[in-house]
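2 protein chains.
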Amino acid sequence: MSTAEMSIMFFLQMAAIIAACRIVGWLAKRYLGQPQVVGEMIAGVMLGPSLFGLIAPEAQQWLFPQASRDLLFVVAQLGVGLYMFIVGLGFDVGHFRAKAGSAAAVSLSGIAAPFLLAVLITPWLLQTPGLFAAHVPLPQATLFLGACIAITAFPMLARIIHERGLSKSPLGTLALSAGAVDDASAWIVLAIVLASLGAGAGVAITAICGAIAFVLVMTLLMPRLLAPLARAAEKQGKLSQPAFGVMLGLFMLCAFAMDIAGLHAVFGGFILGVVTPRGVLTQDLRKSLEPFVVTALLPVFFCYSGLNTQLTMVNSAGLVLVTLAILAASILAKGGACWAAARLTGQDNSTALGIGALMNARGLMELIIINIGLQRGVIEPALFSMLVLMAVVTTLMASPLFEFVYGRKARERGELGALHDAEAAPPALEAHAAPPSP
Amino acid sequence: MSTAEMSIMFFLQMAAIIAACRIVGWLAKRYLGQPQVVGEMIAGVMLGPSLFGLIAPEAQQWLFPQASRDLLFVVAQLGVGLYMFIVGLGFDVGHFRAKAGSAAAVSLSGIAAPFLLAVLITPWLLQTPGLFAAHVPLPQATLFLGACIAITAFPMLARIIHERGLSKSPLGTLALSAGAVDDASAWIVLAIVLASLGAGAGVAITAICGAIAFVLVMTLLMPRLLAPLARAAEKQGKLSQPAFGVMLGLFMLCAFAMDIAGLHAVFGGFILGVVTPRGVLTQDLRKSLEPFVVTALLPVFFCYSGLNTQLTMVNSAGLVLVTLAILAASILAKGGACWAAARLTGQDNSTALGIGALMNARGLMELIIINIGLQRGVIEPALFSMLVLMAVVTTLMASPLFEFVYGRKARERGELGALHDAEAAPPALEAHAAPPSP
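Note that the protein sequences, when read in sequence, are chains V and W.
If you read the first sequence in this note's numbering, its first letter stands for residue 14, the second for the next number, and so on.
If you read the second sequence in this note's numbering, its first letter stands for residue 14, the second for the next number, and so on.
In case anyone wonders, no lab produced these hints; they're calculated from the structure.
None of the values given here were measured: they were computed from a predicted structure.
Be aware that a few hints might be false.
No distinction is drawn between identical chains; accordingly, a pair holds when it is met within one copy or between any pair of copies.
[As the list claims (entries may be wrong)] DSSO-like cross-link-like pairs, simulated, lysine-lysine; straight-line CA separation at most 27 Å:
{"#": "1", "residue 1": "LYS422", "residue 2": "LYS251"}
{"#": "2", "residue 1": "LYS300", "residue 2": "LYS248"}
{"#": "3", "residue 1": "LYS251", "residue 2": "LYS300"}
{"#": "4", "residue 1": "LYS300", "residue 2": "LYS422"}
{"#": "5", "residue 1": "LYS248", "residue 2": "LYS422"}
Go ahead and model the full structure; you've got the sequences and the hints to work with.
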């Protein structure tokens, strides 16, 4: 494939990817009441071997030839790195501090239960060939699976809560703080797994020391370095082009640093976003990045992820059983555990169920984690495909389940706006991205 | 180079590219009073074999290995295609109609003189080996060189005029309408050259018929198809995410269509931009695209272009002579001819010189044309490098020359804001992009 051909095909691929995400996203929203992102996750799977490749293998090979995969991979990495930067920019560190009792209980069980369940089922999964990579030892496999189960679609959760005006309700603050703690913990565990899987102790030490040094520099130095930019943005009332350039350059450096240290670009983006001083700077950064990242780059990630998803691999009774077991365990260990914790710390049943339903959605975050796992050779395509299914199902469940267990009653009590508020309002460009800054 | 390595290096490359463009752009602005884009053109050349590769060949090879060129090429195409889309969105078709007499004379001489001069010097250039590709016949070589000399940095010209509050002055309307006509003509000539260079009559006919059909569909059908989107945007007061997705998908399709027809993606982007109904739709599209395209993607184009620029190729007295001849011919045939035409149609000398100075800047538009010429095998690296030099020099000349021949006097007459108005004001995100919508 010549360079020119690759470039020509890239425009067609982008057209197909954007169109598929738009159409499936719209259908999911219109007929299933699902957020856009759910439709896009499914659209990605549909573009891969699980649907498009199954009905029209030649057309699929023509549109997404092997030679163009490298390109899609890099664009997907850029998209997901920038997306995590946007998520970081909207991350409210205050959530960690808000609400003690219940929040601690919910977040703790939202981490502890998934890892406990991972301890129980990972030995069994390791015995089934083709799920975990051959060289992965039990502790790392367990931690990885635990992180996969523990992760929460934090940006989506925040969006649902914000859209329905629940940010200041007990359910809202509880779910937001627990979700933030759980996601942070799951990412830290993933970082540990990736670091410890390096070829030899030297690599692991580099990764761990690099990550610690990075976090220290970022939290101690970066806010001070960025303070003048933030002040200038406040003074001018908007982000200047030079400042935007500096932030983008910094993002690229941070993504590179975390990649080269042996972790992943997403950590660099996310941490930079978290430490950026709040105000006009973060608001305008998100406003400038979100439309293009969410509409053009992130769909490439969904597509790349879908190209690796082969649902046809789940082709025996044994593997179907494994898939169902993972699904059931995930719902139980995350949704169930969070519900129980909320209930035990005095929340009413409706609130506790609502929290369980929201915390159980894994969305895009799960896709990011398992794509890193596949790329780094932790898991094999079969387990990857099962986890994609788990991510899609738990995310699909969230909205209707939340509506069923909490929304209807809350609306009767007048606590909640009309269900379709979010849809009736002019669709915001932020429709499926990061939570709003406080 | 593995996929993962390519992705890791891509983040570092992007960091280096963004940093180089920012720093050189800032220096050019601060110390030379030049627009940002001039600095970025130079930064691109500096990252290539002409400077970075000259001082540190190994480091340059490490940062921009051959294996990653494909990737940079595709990102550059996407960037330049989207940039031309933005230019199209800001293109005021009214300019074609405004100002009859002088405008017609200036624009006509701004096209006729370059092509006449190309007729005179191309036979000589064709005799020098290593400038034009061996298979290119005289007529096409002449037309291509004519287009290279006739092109104007239209977005930059519009920006300078707008920044200094000259949009409604005789100079402003004259330069804007003549610049628009000249650029449109040069692009049409380029399209004809590319179409006629196809392998065999069949390919040329496909290209020409394809382009005509495309333009017809785009001008007759597209405004009607987009009318509902435009109305919805007006009604909501902003561009919705779905509408943004539709426009991006359309852009990708148009870029693909013009590429596959044998022309170039930039035509697809530009024409789509021109036919998009004006209003909130076009304003918000530009606002959503510009920051990322101008700050992150376009610099990749400058860098890719710079990687192909080998100023060391101009290494003999003969080639230096050729370079100087091209430079002198370009300035004479464009700046000189436009000045003469304005003078002959009754403009005072200061206005006529000002118009000549502005029309003579070629900027980014020249880089786009010659990159297409190099990529399609019309010109060879040596002529490419000479034309890069011509583009940089004529663009560098524009601001100080304009200030010298027109600005000082106009300011004395109170027609012009302070020179540094544009810098003192909060730097807009649009600082070096498309002209504002009317």
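Hint-by-hint comparison with the structure:
| no. | hint | in the structure |
| --- | --- | --- |
| 1 | LYS422 x LYS251 | neither (42 Å within a copy, 34 Å between copies) |
| 2 | LYS300 x LYS248 | both (18 Å within a copy, 21 Å between copies) |
| 3 | LYS251 x LYS300 | both (11 Å within a copy, 13 Å between copies) |
| 4 | LYS300 x LYS422 | neither (35 Å within a copy, 41 Å between copies) |
| 5 | LYS248 x LYS422 | neither (45 Å within a copy, 34 Å between copies) |
When each numbered hint is compared with the structure, violations occur for hints 1, 4 and 5.
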